[in-house]
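Assemble chain Z onto chain L, guided by the hints.
Protein chains: 2
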Amino acid sequence: MTEATRVRIAVDAAGTDGGAAVISDAVEQVLAGHADLGFVLLADPDQAAGLSSRLASERVEVRVCEHALPADMNAAGAIRRGQGSTMWQALELVREGQADAVVSGGSTGALMALSRHLLGTLPGVERPALMAAIPTLTHPVWMLDLGANIHVDARRLLEFAQLGHVTCQVLEGKAPTIGLLNVGTEPGKGPDVIREAARLIDEDSALDYAGFIEADQVFSGTVDLVVCDGFAGNVLLKSAEGSIKLLFASLQAEFRGSFCGLLARRRLKRLHDSLDPARHNGAPMLGVRGTVIKSHGGTCSRGFARALELAALEARKNLVDCLERQLLAGY
Amino acid sequence: MTEATRVRIAVDAAGTDGGAAVISDAVEQVLAGHADLGFVLLADPDQAAGLSSRLASERVEVRVCEHALPADMNAAGAIRRGQGSTMWQALELVREGQADAVVSGGSTGALMALSRHLLGTLPGVERPALMAAIPTLTHPVWMLDLGANIHVDARRLLEFAQLGHVTCQVLEGKAPTIGLLNVGTEPGKGPDVIREAARLIDEDSALDYAGFIEADQVFSGTVDLVVCDGFAGNVLLKSAEGSIKLLFASLQAEFRGSFCGLLARRRLKRLHDSLDPARHNGAPMLGVRGTVIKSHGGTCSRGFARALELAALEARKNLVDCLERQLLAGY
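First to last, the protein sequences are chains L and Z.
In case it helps, my numbering puts the first sequence at residues 5 to 335.
In case it helps, my numbering puts the second sequence at residues 5 to 335.
Misleading hints may appear alongside valid ones.
Said to hold, decoys possible - Quick list of simulated restraints, FRET-style, between CB atoms: (1) L:T142 with Z:E176: 39 to 45 Å; (2) Z:A39 with L:D21: 52 to 58 Å; (3) L:S254 with Z:A39: 31 to 37 Å; (4) L:K321 with Z:E176: 51 to 57 Å; (5) Z:L332 with L:T142: 50 to 56 Å; (6) Z:R199 with L:K321: 29 to 35 Å; (7) L:H71 with Z:K273: 52 to 58 Å; (8) Z:P144 with L:D21: 26 to 32 Å; (9) L:D21 with Z:K178: 32 to 38 Å; (10) L:R269 with Z:K178: 35 to 41 Å; (11) L:A80 with Z:P74: 47 to 53 Å.
Note that these hints are calculated values from the structure, not bench results.
Please read these numbers as outputs of a predicted model, since none were measured by experiment.
Just so it is clear, CB atoms sit at the ideal spot from N, CA and C, and this is done for glycine as well.
Chain L with its partners taken away, still in its complex shape (with noise of 0.2 Å):
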């Protein structure tokens, strides 16, 4: 590797399920659009030939790493049996400074365990929580916790409102407003833990609070951050994902073999790429002492190389610095 690359992303190559096809086609997508990143991939030894051999290129390291560990590794088995896998030794790299980012298609258990135990997290955060952008009508709208975080007390989601702002103060100059997802938008609406939140949100003066949001609001765009639990979270990009998909199986049948089939199959195609959730790819862990972004396991190389530019934008913002001097300032 050059000194000329100033951000370098560690890869675990692992965990996708397009393989090295899928990483390779990301990787050299990224590098040609951004003279200033390097790579090291992480490969178990069954990948390590696929991607040496397609990868030509001096900003790229192939690194052999004992195994992998498989898609459904769980928090505790990964801390057991991780050492020498393609996740450990991304997060290491960065742990001991050789790497400014990790990208991981891995498990999301597996990847939040090995965080915290190999870099830790910022001062005050007990847990990292995980951020996604959806689409919207308006604009991609962050939502935060994703699944990392299934049980939430109210002062965790005033500390997701706190990261979540000054990760998209940072990362897109501007104060999000923010919602908390709930099952109404009156003030008395909800559980109790759900209606503290959104006292302690509101009292916070440094956030644009702008209430309760419910779920189908989310994709109008009526707010740029949208704050909930790790359960709901999920249960809502899920929801999305699925009915979009179930919406998109209807048209292709609706059209099919239809005079204007092949002109608007181009066209839905197109659609599909720009509103599916899960290609508005590359997920935030915040609240860890390092930049780590998950990759959805099932993404295309378009995905992946969003998640490899989303990583190279949070090292060069040092948005894990700026998070750190947050929390420290008071939050």
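Quick look at chain Z alone, frame taken from chain L:
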């Protein structure tokens, strides 16, 4: 009303955004198709004239009530100030045996509270649950709870499974396969309450339990009945509504002005009607001692007609008696 009307439905004519026009059209549609049905429409003074002038049938009676409850009326308010309202009077008719079912498009919280208050609940049921059908790739899938119960324990989730099981069996003639909504399908996944509920549902030999189901899988139709708490159910349903609305708005923009635009629009309209979860209208309130159907406030006349037909089906099949027998027999 003649003696020939075997099933009488009390309709809360307030609470539906489309007002007297939607209600009248729906009642006309259903009258035409079902010779054994009669209706009592409970209307506020403003609505009554509009309804009476449009519906001239000996099978329809319009009764003028003092007032209608506002759409955001909560449970406590409904009990304190609900007397004399269209919703209260509709439920009162069922309580007095003058009607066999109630259909209302009013506030869910108010309908739940007044149903419990005026009709009571079945043995062992503390709070009723709201069940609705959602469209999938293969067949409409029933799901409960949908917003009526945001705090539940494992026993309540088991109760939802039991109520849903009997309802599907009575209304559709076959026992449903049951999925429990979770953030993963592996046995160790999710919150304690859901893992405990899985154990209880699995132990109940009357139930055909298929394991955990993720929100995206719901739309593939892999199970017939999905059990979840009201918060997750509300988020799932509204996320689907919001993302389908987003998709159709994008499709309309995509096809506007194109060669195939007009053709596509007609097909899209038909598809939209078949898929929009809000159009699969009519949510039985299960566990209450009487047939109560919640209609979506924003539904069209066809949607309201579907809710009326569902009410008639439940009443004809004596669902409430079947549920009571099952609950007394050991549930």
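So which of the earlier hints does this model not fit?
6
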